[in-house]
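J.: Sequence:
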Amino acid sequence: MKHLITYKNIMLVILLSLTTAGVSAQQQEITAKSAKTWVKDRVWANGLKLKLNSSTNNVEFAKQYAANKAAWDKAFEFLRERNLEQIEPGKYPLDGDNVYAMITEGPSKEPENALWESHQNYIDLQYVIKGKEKIGVAPIESLMITKPYDPEKDFANYSGDGKYFTATPDEFFLFFPSDGHRPNIKVDGYDKVKKLVIKIKEIK
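Residue numbers (mature numbering (1 follows the signal peptide of the UniProt record, and there is no 0)): -25 to -1, 1 to 179.
FYI, nobody ran anything at the bench for these hints, they're computed from the structure.
The C-beta atom is built at its ideal place from N, Cα and C for all residues, glycine as well.
Just so you know, not all the hints are guaranteed correct.
[To be verified] Straight-line C-alpha distance at most 27 Å; calculated BS3-like pairs for lysine-lysine:
1) Lys66 / Lys169
2) Lys107 / Lys179
3) Lys26 / Lys84
[What the hints assert, rightly or not] Simulated restraints on C-beta separations:
4) Asp129 / Tyr67: 11 to 21 Å
5) Glu52 / Thr121: 16 to 26 Å
6) Glu87 / Ala7: 30 to 40 Å
7) Val162 / Asp16: 17 to 27 Å
8) Asp48 / Pro82: 17 to 27 Å
9) Pro82 / Gln61: 18 to 28 Å
10) Ala42 / Asp16: 31 to 41 Å
11) Asp166 / Lys15: 30 to 40 Å
12) Gln61 / Ala7: 35 to 45 Å
13) Tyr124 / Asp72: 10 to 20 Å
14) Glu4 / Ser29: 21 to 31 Å
15) Phe140 / Lys167: 30 to 40 Å
Using the sequences provided together with the hints, build the complete structure.
T.: Structural data, given as structure tokens:
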């Protein structure tokens, strides 16, 4: 009987190891090509019509969505179903601290006052509801740290250069922890911008 219990324990360890290996293999199977196809198929959007900006890291998006589908679905539901032009500025919890939305309305910044930033614990979904602004995007390894990461604020600042996009109500942006971003840069003729930022906790 003792040998039988030992044998069962060994088999259980082997099965658990194989299961873990299978999960790792599935994660490794997300390639740039498969992620691009997945993003293009838009099953994740569940009816959302807005475009996803071309700066998005498709592999990270696919991995994070697979790891935390419920959270992403809540974020996209808020973006899809709420009347964002009418909703008041403020913070809107969607799933406690795992997913929450923040709506702001106010002036954009002159370029010299707009800082590069990144976050380690949260992914940013950024969407301009009304108006226009410029947003810079760059890998954080290409930027120089000017303010070290503050874990309480989940924030670091940088200097450097990157690629710039004009953010409009036609599309949204996703910024992962490896993505430096420089939002809120003023576009001539658009002194006031209404904006949505949804914070989605990153799965490590």
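J.: Evaluate each hint against the coordinates.
T.: Evaluation of the provided hints:
1. Under the criterion of a C-alpha separation no larger than 27 Å, the hint pairing Lys66 with Lys169 is consistent with the structure, at around 14 Å.
2. With a CA separation close to 33 Å, the supplied pair Lys107 and Lys179 exceeds the 27 Å bound.
3. Between Lys26 and Lys84, the direct Cα distance comes to roughly 25 Å. Compliance with the 27 Å bound is thereby established for this hinted pair.
4. Checked against the hint of 11 to 21 Å, the pair Asp129 and Tyr67 passes, with Cβ atoms roughly 18 Å apart.
5. The beta-carbon spacing between Glu52 and Thr121, approximately 36 Å, falls outside the hinted interval of 16 to 26 Å.
6. With their beta carbons about 36 Å apart, Glu87 and Ala7 fall inside the hinted range of 30 to 40 Å.
7. The hint said 17 to 27 Å for the Cβ distance between Val162 and Asp16, and at roughly 32 Å that hint is violated.
8. At roughly 33 Å, the beta-carbon separation of Asp48 and Pro82 lies outside the given 17 to 27 Å, and the hint is violated.
9. Take Pro82 and Gln61: their Cβ atoms lie about 21 Å apart, and the range 18 to 28 Å holds.
10. Between Ala42 and Asp16 the CB atoms are about 18 Å apart, so this pair departs from the stated range of 31 to 41 Å.
11. Our hint of 30 to 40 Å for Asp166 and Lys15 holds, since their Cβ atoms are close to 36 Å apart.
12. The hint said 35 to 45 Å for the Cβ distance between Gln61 and Ala7, and at roughly 39 Å that hint holds.
13. For Tyr124 paired with Asp72, a C-beta distance near 18 Å keeps the hint of 10 to 20 Å intact.
14. The given range of 21 to 31 Å is respected by Glu4 and Ser29, whose C-beta atoms sit roughly 24 Å from each other.
15. In this structure, Phe140 and Lys167 break the distance hint of 30 to 40 Å, their C-beta atoms being roughly 20 Å apart.
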